[in-house]
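Start from the sequences and build out the full structure, keeping to the hints where you can.
Top line first, the protein sequences correspond to chains G and H. Under this note's numbering, read the first sequence as residues 1 to 388, first letter to last. Under this note's numbering, read the second sequence as residues 1 to 388, first letter to last.
Everything labelled a hint here was simulated from the structure, so no lab data went into it. Misleading hints may appear alongside valid ones.
One copy or two, either will do: identical chains are not told apart, so a pair holds if it fits within one copy or between any two.
List time: in silico DSS-like cross-link candidates among lysine-lysine, alpha-carbon distance up to 30 Å [stated by the list, open to error]:
no., residue 1, residue 2
1, LYS281, LYS228
2, LYS245, LYS312
3, LYS183, LYS325
4, LYS183, LYS366
5, LYS180, LYS366
6, LYS183, LYS331
7, LYS366, LYS188
8, LYS84, LYS325
9, LYS186, LYS312
10, LYS366, LYS312
11, LYS94, LYS325
Quantities reported herein were computed from a predicted structural model and do not represent experimental measurements.
Next come the chains, spelled out residue by residue.
There are 2 protein chains.
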Amino acid sequence: MKFLVRLLALVAPLSLAVGAELRGTGDLGVVVERAEGSVQIVDTTRRTRVGRITGLGDLSHATAVFSRDERYAYLFGRDGALTKLDLLAGNVAKRAEQAHNSVGGAISQDGRLLASSNYTPGGVRVFSAETLERVADIPAEYGNGQLSKVVGLVDAPGQRFVFSLFEAGEIWVADLHDPKAPKVQKFKAGKEPYDALISPDGRYYIAGLFGEEGLALLDLWNLDAGVKRILPVYAKTDEKLPVFKMPHLEGRALVGDYWFLPAVGHHEMLVVDRRSWEVVKRIPLEGQPVFVIARPDDRQIWVNFALPDNDKLHVIDTQTLSVVKRLAPGKAVLHMEFTPKGEEIWVSARDDDRLVVYDTETLEEKARLPADKPSGIFFTARAHRLGL
Amino acid sequence: MKFLVRLLALVAPLSLAVGAELRGTGDLGVVVERAEGSVQIVDTTRRTRVGRITGLGDLSHATAVFSRDERYAYLFGRDGALTKLDLLAGNVAKRAEQAHNSVGGAISQDGRLLASSNYTPGGVRVFSAETLERVADIPAEYGNGQLSKVVGLVDAPGQRFVFSLFEAGEIWVADLHDPKAPKVQKFKAGKEPYDALISPDGRYYIAGLFGEEGLALLDLWNLDAGVKRILPVYAKTDEKLPVFKMPHLEGRALVGDYWFLPAVGHHEMLVVDRRSWEVVKRIPLEGQPVFVIARPDDRQIWVNFALPDNDKLHVIDTQTLSVVKRLAPGKAVLHMEFTPKGEEIWVSARDDDRLVVYDTETLEEKARLPADKPSGIFFTARAHRLGL
Numbered sequence: 001m002k003f004l005v006r007l008l009a010l011v012a013p014l015s016l017a018v019g020a021e022l023r024g025t026g027d028l029g030v031v032v033e034r035a036e037g038s039v040q041i042v043d044t045t046r047r048t049r050v051g052r053i054t055g056l057g058d059l060s061h062a063t064a065v066f067s068r069d070e071r072y073a074y075l076f077g078r079d080g081a082l083t084k085l086d087l088l089a090g091n092v093a094k095r096a097e098q099a100h101n102s103v104g105g106a107i108s109q110d111g112r113l114l115a116s117s118n119y120t121p122g123g124v125r126v127f128s129a130e131t132l133e134r135v136a137d138i139p140a141e142y143g144n145g146q147l148s149k150v151v152g153l154v155d156a157p158g159q160r161f162v163f164s165l166f167e168a169g170e171i172w173v174a175d176l177h178d179p180k181a182p183k184v185q186k187f188k189a190g191k192e193p194y195d196a197l198i199s200p201d202g203r204y205y206i207a208g209l210f211g212e213e214g215l216a217l218l219d220l221w222n223l224d225a226g227v228k229r230i231l232p233v234y235a236k237t238d239e240k241l242p243v244f245k246m247p248h249l250e251g252r253a254l255v256g257d258y259w260f261l262p263a264v265g266h267h268e269m270l271v272v273d274r275r276s277w278e279v280v281k282r283i284p285l286e287g288q289p290v291f292v293i294a295r296p297d298d299r300q301i302w303v304n305f306a307l308p309d310n311d312k313l314h315v316i317d318t319q320t321l322s323v324v325k326r327l328a329p330g331k332a333v334l335h336m337e338f339t340p341k342g343e344e345i346w347v348s349a350r351d352d353d354r355l356v357v358y359d360t361e362t363l364e365e366k367a368r369l370p371a372d373k374p375s376g377i378f379f380t381a382r383a384h385r386l387g388l
Numbered sequence: 001m002k003f004l005v006r007l008l009a010l011v012a013p014l015s016l017a018v019g020a021e022l023r024g025t026g027d028l029g030v031v032v033e034r035a036e037g038s039v040q041i042v043d044t045t046r047r048t049r050v051g052r053i054t055g056l057g058d059l060s061h062a063t064a065v066f067s068r069d070e071r072y073a074y075l076f077g078r079d080g081a082l083t084k085l086d087l088l089a090g091n092v093a094k095r096a097e098q099a100h101n102s103v104g105g106a107i108s109q110d111g112r113l114l115a116s117s118n119y120t121p122g123g124v125r126v127f128s129a130e131t132l133e134r135v136a137d138i139p140a141e142y143g144n145g146q147l148s149k150v151v152g153l154v155d156a157p158g159q160r161f162v163f164s165l166f167e168a169g170e171i172w173v174a175d176l177h178d179p180k181a182p183k184v185q186k187f188k189a190g191k192e193p194y195d196a197l198i199s200p201d202g203r204y205y206i207a208g209l210f211g212e213e214g215l216a217l218l219d220l221w222n223l224d225a226g227v228k229r230i231l232p233v234y235a236k237t238d239e240k241l242p243v244f245k246m247p248h249l250e251g252r253a254l255v256g257d258y259w260f261l262p263a264v265g266h267h268e269m270l271v272v273d274r275r276s277w278e279v280v281k282r283i284p285l286e287g288q289p290v291f292v293i294a295r296p297d298d299r300q301i302w303v304n305f306a307l308p309d310n311d312k313l314h315v316i317d318t319q320t321l322s323v324v325k326r327l328a329p330g331k332a333v334l335h336m337e338f339t340p341k342g343e344e345i346w347v348s349a350r351d352d353d354r355l356v357v358y359d360t361e362t363l364e365e366k367a368r369l370p371a372d373k374p375s376g377i378f379f380t381a382r383a384h385r386l387g388l
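Here you go:
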């Protein structure tokens, strides 16, 4: 017995050395440090950094999804690399060069498949979440065998991925029940879809159109009805006002009876009725909105901005439909992520090399953490949500 | 080196014996085995049992909530015991006898406080989620210092707990920002509230009334408006039809434009408009409904039943508003829980000593696991949701 105790004493430090601490994973997250090609692993309960993984390549625009056990983060790099990070061991579990130029990815409803949204070669590739082996290739072919860039890729119920083809002007719905033989349905969407969202219930897929007015809506419960054009006012119609950055479209901005949508190139937010798709109100803002995200309890909308107003954050009350707070977390506010039940929000201020954590009720700063040119912030709770 | 390898080989089985495996916690859950006073720890990715914890006392009607890191389950026993289970170590981390007769509990928005809903002594007690030390006591006093039974306890945004007092006919909203001095607001609700729900966004608290008609609605965004009586048809008005079991009220039955509510004592489900609170449709069922829960993508509602129909499950399509499938998982179907993204559902069949897992798309059985008189099933993803 004494011998066993001594054995244990010897072995214990070994497992600690690789960061393999016994702990839950529901309060972890990753923060992308784009310039360094690294990610921080963070703990949202203690508001601290618990690890850092380096050498991950070009992480500009990098996004992350999570395994259904919330142990692994899958990082989609702009350079086409797909990396599986072990948040418990604090290291790279697996890595694959899956394309030359990529803009994000998604994880299937059952957590067994990953899909990447690629510019070059244009299309979607599907991988085993366990091994990162490629299981399917869906080239975005149109016209005379040309390949279109793919944007707005999301997971949807029924083991499906939905995405948009920029040059082709189409929305595709790919059923991956049999990964070896994906079933793809194609829909005409309109000119140059550039981004898309899916509603939190996974029913409505909505693509923004760069080349024409309005938004393209596909009801996944009624595919036979095809794409419907909605909200004709939604476009960058005023040529005098340059668009500094096309806004992102976010499913997490459907709140009660309203969609909250960033106006393109204008200093305002559109409040749109969920049933009629009429604009109910335009809320004036102090910049061109980029991300528009609802607090998990739907009581607030948080907005960041394009240059030259990207040092600001606005908080909008969804009951009074007005701006209730203006915050200044630092230079180049690129992203924000709520804790799962919404009591706090983490914000990245790239050019001030910091993360700022706010209490969403008092709107006071609660913590400030150093980070190297931070951009995207992603918490493991995304593993449990459709479309994230 | 050889020596070390041998050491590791010796020690590995030891750590497996205490269950202290390095693993994520996002795909874990607990299943209450009420007769034995034990819980199973289950893995929803592999559909297996990964542990069992025994000696937990009277677990009839026991419910569980989870720590925000998804490592610990807090079990509220009928006998007033509060137990903190370590899902990774597979053992009891802490245990407290907090009351004599209890019917459930909740965890605060920030995960730091637990609240228990007690019959005896009537009231709510608040505990540190870390240590289980009691930090606050809120006796449900009314009239001449009598104590009321407390039911329908939920967590709400703003570090609040909301609950109903059966004998007092009141709804209380307790603000726990300062646990040492809870601020309690009291509202007249109606005769004998017996259960309650909160909408998934944490805004609407709705209590069922045993002693009179209709439901009591409190809008937590507008407390000044007080309690409003809605849905006057909601009551057990037909005295010829005995009520075998009062249905549970579930926030997870708000779907798009409709609430789906179990009719009391009738063989039907009410479909109620979200804005007007008018009954839009009555869906006929083959028994008195008990639990009515929406699949996470809102496309289906699953229903179980009171005696003598408690061997049935009905699946309702939320678009056609009709029953699309009748299932027979076994005798005494007590509870069901969806996987976080809704691709599967776990069902407990108490009197057949088994759990049945269904694919929610094909509605085929995918797995069957033995369990000793299973009742409640709770997955860790609840940690990330308001009101669960």
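Verification of the supplied hints:
When the C-alpha separation of LYS281 and LYS228 is checked against a cutoff of 30 Å, the pair qualifies both within a copy, at 22 Å, and between copies, at 28 Å. Taking the shortest alpha-carbon separations for LYS245 and LYS312, only the intra-copy value of 15 Å comes in at or below 30 Å, while the best inter-copy value is 54 Å. With identical chains, the CA atoms of LYS183 and LYS325 are at most 30 Å apart between copies only, with a shortest distance of 26 Å across copies and 47 Å within one. With identical chains, the CA atoms of LYS183 and LYS366 are at most 30 Å apart between copies only, with a shortest distance of 23 Å across copies and 48 Å within one.
For a Cα distance limit of 30 Å, the shortest separation of LYS180 from LYS366 across copies, 21 Å, qualifies, whereas the shortest one inside one copy, 49 Å, does not. In the homo-oligomer, the alpha carbons of LYS183 and LYS331 never lie at most 30 Å apart, since the shortest distance is 45 Å inside one protomer and 39 Å across protomers. Neither within a single protomer nor between protomers do LYS366 and LYS188 lie at most 30 Å apart by alpha-carbon distance, with minima of 47 Å and 37 Å respectively. In this homomeric assembly, LYS84 and LYS325 never come within 30 Å of each other (Cα to Cα): the closest approach is 38 Å inside a single copy and 39 Å across copies.
For the homomeric pair LYS186 and LYS312, neither the shortest alpha-carbon distance inside one copy (40 Å) nor that between copies (40 Å) is at most 30 Å. Taking the shortest Cα distances, LYS366 and LYS312 sit within 30 Å of each other inside one copy (18 Å), while across copies they are farther apart (50 Å). In this homomeric assembly, LYS94 and LYS325 never come within 30 Å of each other (Cα to Cα): the closest approach is 43 Å inside a single copy and 42 Å across copies.
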